[in-house]
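Given chain A, put chain B in place with the hints provided.
2 protein chains.
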Amino acid sequence: MTVVKVFVNYKESILNPEAEAIKQALGRLGYDDIIDLKVGKTFELTFADQLSHDKIEHEVNEICDRMLANFNMENYRYEISDSEAIQ
Amino acid sequence: MTVVKVFVNYKESILNPEAEAIKQALGRLGYDDIIDLKVGKTFELTFADQLSHDKIEHEVNEICDRMLANFNMENYRYEISDSEAIQ
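One line per chain: the protein sequences are A and B, in this order. Counted from 1, the first sequence has number 58 at position 58 by my numbering; the numbering is strictly sequential. In my numbering, each residue's number is its place in the second sequence (first place is 1) plus 87.
One chain only, chain A, in its complex shape (with noise of 0.2 Å):
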């Protein structure tokens, strides 16, 4: 099997609402290290047997344009690996 884990960030340009909600609550909890916090998401695709490094890497880059990530806000960067499920 193949795993490929997709990162999807807010580009640097976009306030990210959430990320300063967080970084607020951590300062009035006492957590005022803190100088910058950036919250993102992580797809983890498994995909089957028989398919080449090309295929995946076309059907990744695909499948992220079209729903994993929103062009106008956000970007992403994959890795590909060939062992199980990373933990």
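Simulated from the structure, these hints should not be mistaken for lab results. For glycine and all other residues, C-beta sits at the position ideal for the given N, C-alpha and C. The hints are all genuine.
Which chain A residues face chain B? A few, computed with CB under 7 Å, are given here:
| id | residue |
| --- | --- |
| 1 | D33 |
| 2 | I34 |
| 3 | I35 |
| 4 | D36 |
| 5 | V39 |
| 6 | G40 |
| 7 | L45 |
| 8 | F47 |
This is chain B only, laid out in the frame that chain A set:
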């Protein structure tokens, strides 16, 4: 600066409806060679300079237990690095 990447994922025993919905949607779009899909969150915390690794590890565990991960449904792991924020 010290950057800590926290990865929060659902425990294996927990059904993730969001992941199921995405997997089915991908199937309808013709991507039927995906045999498993997991969805998780990443938090990238940037700590101020003067903290020791032990202090940071202690704080990260506390922050995850208290806020970033739901102990009942999720588990977390983290990576500490001293470089600039990883893209």
